[in-house]
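Trainee: Sequence:
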Amino acid sequence: MRSPVALRGERGGRPSGATLRGNVTMRASNRGVLILPGLGNNTADYAELSATLRGMGVATETAAVSRLDWSRNAAALTDGNWWRGTLKPRPAVDWYLNKVDAAMDALKRRVDGAPITVLTHSAGGWLGRVYLHGWGPEGVDRFVSLGSPHQPPPVGAKGVVDQTRGILTHCSDTFPGAFHPQVNYVTIAGKFVKGAPLRGEGSLLAKAAGAGYQQVCGRPDVYGDFIVPTEAAHLDGAINVDLEGAFHSPLGARVSFLGPWYGSPEFLSQWVHHLGIDSEQAAAAAAEGAGPGRGAVAGASSPAGGGAAPPAAGAVPG
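Numbering (my numbering), first residue to last: 1483 to 1800.
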């Protein structure tokens, strides 16, 4: 059987202006953006973000994932590596990777050779990295992750269970950091709340966040987006950006006390240029999302410098 990389290279593009459905004719865009959902999320959760990007003249495609689809991860329980904590991504998450491949194929036909940005959220970040490694980065020149847990839990940390059962360790060992030299990597992390230990002082929100942070990075008292610690969401060699006040999930934007997420207008305006969108389009987005209060960039760094660190910083947080 031929490898996914070989198969990808054999697929041809669709001429500009080709009819895709019925009598609807779409013109090729100067960029495509492929959106990869996070754990527990579905395609519809990213509809508003996708519509905003389309309004900037960008072709978008979101991997067709339903909430029920995530239950397929349970199949990995039959693999002894799951129990040993040495699980590899394939075939455990092939169901997701196949959906990514189908969406990528559709987007490539639409953009007719234009470059593509892979935009990932939460677990979609390491899943996207698995995809690029297995299928190859042909046609992709940018990779942007939003609140993705890229770093495996520290070895030997007390009370910590790797929720990926070894997959993150495999990713870090096999294709670490900004792995593909032809791809510009940007990792975006939120600083929504600093966690707190369950025993001790701190708000209920901080303690809830801290319990989750500890399972990801081994410590509860770090900053994060309520689900993923800031320090765990960055890759070596990538441009690392921290956003003050950004909540982890698009579902949080519907709850007043949680607030806007990475893709909300007040935050989108601060990182949309990393997608490779024309500067005038990015400026228009910035003007639309500008406003007082939350949304300041806490830190942005070049690959050499690493991200601005906060104090101290399968079933994957999603």
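Incorrect hints may have been included.
Distance windows between CB atoms, simulated [what the hints assert, rightly or not]:
| no. | residue 1 | residue 2 | range |
| --- | --- | --- | --- |
| 1 | GLU1530 | VAL1665 | 37 to 43 Å |
| 2 | LEU1686 | GLU1620 | 46 to 52 Å |
| 3 | LEU1559 | PRO1663 | 16 to 22 Å |
| 4 | ALA1556 | ASN1512 | 25 to 31 Å |
| 5 | GLY1562 | GLN1664 | 19 to 25 Å |
| 6 | ALA1526 | PHE1739 | 22 to 28 Å |
| 7 | ARG1736 | LEU1550 | 42 to 48 Å |
| 8 | GLY1641 | GLY1562 | 20 to 26 Å |
| 9 | VAL1637 | LEU1559 | 20 to 26 Å |
| 10 | ASN1563 | GLY1741 | 17 to 23 Å |
Since the hints were made in silico from the structure, they are not lab data. For glycine and all other residues, C-beta sits at the position ideal for the given N, C-alpha and C.
Trainee: Next step is simple, just say for each hint if it's right about the structure.
Mentor: Each hint, compared with the structure:
Checked against the hint of 37 to 43 Å, the C-beta distance between GLU1530 and VAL1665 comes to roughly 26 Å, which is inconsistent with it. Separation of LEU1686 from GLU1620 is about 48 Å and conforms to the stated range, judged on CB atoms against 46 to 52 Å. About 37 Å separates the C-beta atoms of LEU1559 and PRO1663, a value inconsistent with the hinted range of 16 to 22 Å. Between ALA1556 and ASN1512, the C-beta spacing of about 41 Å breaks the proposed range 25 to 31 Å.
With their beta carbons about 37 Å apart, GLY1562 and GLN1664 fall outside the hinted range of 19 to 25 Å. Distance hint for ALA1526 and PHE1739: a CB-CB separation of about 23 Å, consistent with the stated range 22 to 28 Å. One distance hint, 42 to 48 Å for the beta-carbon pair ARG1736 and LEU1550, is violated here, with the actual separation near 20 Å. Range check, GLY1641 to GLY1562: Cβ separation about 24 Å, and the 20 to 26 Å hint holds.
In this structure the supplied range 20 to 26 Å holds for VAL1637 paired with LEU1559, their Cβ-Cβ distance being about 23 Å. The beta-carbon spacing between ASN1563 and GLY1741, approximately 39 Å, falls outside the hinted interval of 17 to 23 Å.
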